[in-house]
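Chemist: Line by line, the protein sequences are chains A and B.
For the first sequence, counting from 1, position 262 maps to 262 in the UniProt record's numbering; every step adds exactly one.
For the second sequence, counting from 1, position 379 maps to 379 in the UniProt record's numbering; every step adds exactly one.
Just so you know, the hints here were simulated from the structure itself, not pulled from any lab data.
A portion of the hints provided could be inaccurate.
[Stated by the list, open to error] Among the chain B residues that face chain A by a calculated CB cut under 10 Å, a handful are: (1) Val213; (2) Arg260; (3) Lys419; (4) Gly436; (5) Asn442.
[To be verified] Ranges of calculated distance between the beta carbons of each label pair, as one might list FRET restraints: (6) Pro428/A x His225/B: 28 to 34 Å; (7) Ala243/A x Arg260/B: 23 to 29 Å; (8) Gln197/B x Pro282/A: 51 to 57 Å; (9) Arg167/A x Ser232/B: 44 to 50 Å.
All residues carry an ideal CB built from backbone N, CA and C; glycine is no exception.
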Amino acid sequence: MSGGPPKALPSTGPQSLRDMPHPLAGSSSEEAVGGDSTPSPDLLTARSFGDKDLILPNGGTPAGTASPASSSSLLNRLQLDDDVDGETRDLFVTVDDPKKHVCTMETYITYRITTKSTRVEFDLPEYSVRRRYQDFDWLRNKLEESQPTHLIPPLPEKFVVKGVVDRFSEEFVETRRKALDKFLKRITDHPVLSFNEHFNVFLTAKDLNAHKKQGMALLTRVGESVKHVAGGYKLRSRPLEFAAIGEYLDMFALKLGTIDRIAQRIIKEEIEYLVELREYGPVYSTWSALEGQLAEPLEGVSACIGSCSTALEELTDDMTEDFLPVLREYILYSDSMKSVLKKRDQVQAEYEAKLEAVALRKEERPKVPADVEKCQDRMECFNADLKADMERWQNSKRQDFRQLLMGMADRNIQYYEKCLMAWESIIPLLQEKQEAK
Amino acid sequence: MEQAAPDPERLLQPAPLEPLSHADAGLESVVGEEAKGARDEGPGDGTMTENNFSLKKIEISVSEAEKRTGRNAMNMQETYTAYLIETRSVEHSDGQSVLTDSLWRRYSEFELLRNYLLVYYPHIVVPPLPEKRAEFVWHKLSADNMDPDFVERRRIGLENFLLRVASHPILCRDKIFYLFLTQEGNWKETVNETGFQLKADSRLKALNATFRVKNPDKRFIELKHYSDELQSVISHLLRVRARVADRLYGVYKVHGNYGRVFSEWSAIEKEMGDGLQSAGHHMDVYASSIDDILEDEEHYADQLKEYLFYAEALRAVCRKHELMQYDLEMAAQDLASKKQQCEELATGTVRTFSLKGMTTKLFGQETPEQREARIKMLEEQIKEGEQQLKSKNLEGREFVKNAWADIERFKEQKNHDLKEALISYAVMQISMCKKGIQVWTNAKECFSKM
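With the rest of the complex left out, here is chain A (with noise of 0.2 Å):
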């Protein structure tokens, strides 16, 4: 663990590759890993200055800074606790504030968003712009094409069903907020992603249109060359680890598929029954008109009714708002990481491909030709990126999902509670004329 100044990437220069101290030091990224391994600050420090080829708009190096290149915030990074100490973070990104938009050809929300930094990419401290649905899929389109060796985050849905779903009700867009907020805040926590330039211009330009149009081509150096990447080889096997991951994924989009369907079953069950209830209450204040000593006892059972109907419905409405649409975010984000695996394989497959090539050209010279050098280069890279981001993104998961549950037990607790009282309180109503009889 080093505090100084990082090592510069590895390029393909004139050396040759074995030359060279490896991106992934200890391990060959060919050999097959154990699934948990940690990678080791090194290899993130060399990460992060990726972007040292990028065009940055304010020039400079970020070196020495306490900049994400070191490697203690980097860990914290990674820690993704929520009470991250400010010293250590250097850039905050909230979306709130939704409102409507009316133009004659169409109606659309914008959300405000608000960006804090003191990072040297940023011009000013503080930026505030406003962004609606449709940039954002631009930022992710963009993070996906620049940045294609990394995990990039889920947006919520982008279609609506027009007539079941209201995309201007007060929920809705609600939910969508929080969603867009937790993209944007991924993003940020992402050592690589934060420094991205589509990033950077999404959160500060004034005009994002105007960006947009000038279709800014700035990809990494990997990120071009990943672009490149020839399609239709064939991938003899996936390494172990990446293997793993690939089955965790097929398993863990099908567990959360299915806890989609039980918890959208509940949601549905439970508004039965408040329908139910809301017809049940109201016929024990009919029988209280018609009885003398029987009508207060009766009209509190109606009026207790009514407070555990409002409890559920109150219920239902979180569990729907909070809980289903994250289960869906996480459903969405697997999808994408399976793709990104995918993209990995093609890109090792071109490497065997071109190796194995070489093999069977029998040259007296063993050199390993240029081409192929820059495939395997890829290849470590893009394995190294994935692997980093696979437990960020684990770790993440894990509190993402500790959040979600104990959330939705909370929930339910407070659920019964409300009945609780409600029902405890009106135990003194019916008993105190038991005494005076």
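Following the hints, position chain B against chain A.
Modeler: Frame of chain A; chain B shown alone:
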């Protein structure tokens, strides 16, 4: 049943008892005082010997139910359920109970008993029997009469019926009731020999009276209205409650699926695995807890059902009043017309239409002797009619007085019982909420360890 001397032919020992569903209530009143002077009609004579009271308590229980097969009246094979009725007398001093009688009865015999009581005690709100067929079922409960759960709930209902009758100050003294508890063979014949079926008012007569009565006691009109409304509202309540139970069942059971999927998911996770697995277990516990909860709620539904059926008993008393009142009105009307006729004959004026008058017109005047004879006959009839009217009036007033006394007793009982039922319902809900909080707190704990 051992007792100090009372005549078993006429009297049953006082046995004020609480019906099963009301644990602490206690209609502890000593029977004799309330029964004093309140007896109206009944088997045997109307006298009562209160001197020979022994304040022994008796316990009645319907302890078993058994499936039987036999041949019915048309000599066809049938299956039915028989219930074992056990009677114990409890010595005050040492609280020991001694089994005094034990016999088997089937539901139709209970019905026969009740029909008999309805005829002989029309001024009493006769306790209802549990339902003949399962109604207000929600999906889990079977509507089959042979279903063990239904039989069990019916057993409890029948016991409750007997306890209600036994704790009624007047009904408990009935001989036929006593024999029902003590004489297995021949009881049916004995009941039928009372000829109560013949004494029963015809449905048609009752319906006629209801429509035509001019001046029923206002309180009975209100009571009939109340019992109609009560029946309607409790039916509605029971129907919706059954649907609520159905839905609640669904909600709980679906949570059971979490148990399985969390378990499967935990298999692919490392750190999260244990937390998920144990949380899944709690979800299973949650899902299975609903069975007991809803079983308890059935008990509440049964308490409501009893009062649903009681509404019918209230209406029966009102109908009897209407019938008696109508009878009275008819008798008064008849008397008035006879008096009228008599007067006309005496004075020679014809103001009202009469067949005699008609025939006289057609066939000629009658002789003075004939007229005298007719006047005399009418006068006798009038005298008789006046006597009858007087006694009918008296009967009517007695009926109203006695019926209203029992209705007041019933109202007290109803208010007490239903309040208890509501309290127990609230307690059930509280228990359900507490269980829910417990389970989810446990699950949350497991999630926190993920």
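Chemist: Hint by hint, say whether it matches the structure.
Modeler: Against the structure, the hints:
{"no.": "1", "hint": "Val213", "result": "violated (24 Å)"}
{"no.": "2", "hint": "Arg260", "result": "holds (9 Å)"}
{"no.": "3", "hint": "Lys419", "result": "holds (6 Å)"}
{"no.": "4", "hint": "Gly436", "result": "holds (4 Å)"}
{"no.": "5", "hint": "Asn442", "result": "holds (9 Å)"}
{"no.": "6", "hint": "Pro428/A x His225/B: 28 to 34 Å", "result": "holds (33 Å)"}
{"no.": "7", "hint": "Ala243/A x Arg260/B: 23 to 29 Å", "result": "holds (27 Å)"}
{"no.": "8", "hint": "Gln197/B x Pro282/A: 51 to 57 Å", "result": "violated (44 Å)"}
{"no.": "9", "hint": "Arg167/A x Ser232/B: 44 to 50 Å", "result": "holds (46 Å)"}
Of the hints listed earlier, those the structure fails to meet are numbers 1, 8, in rising order.
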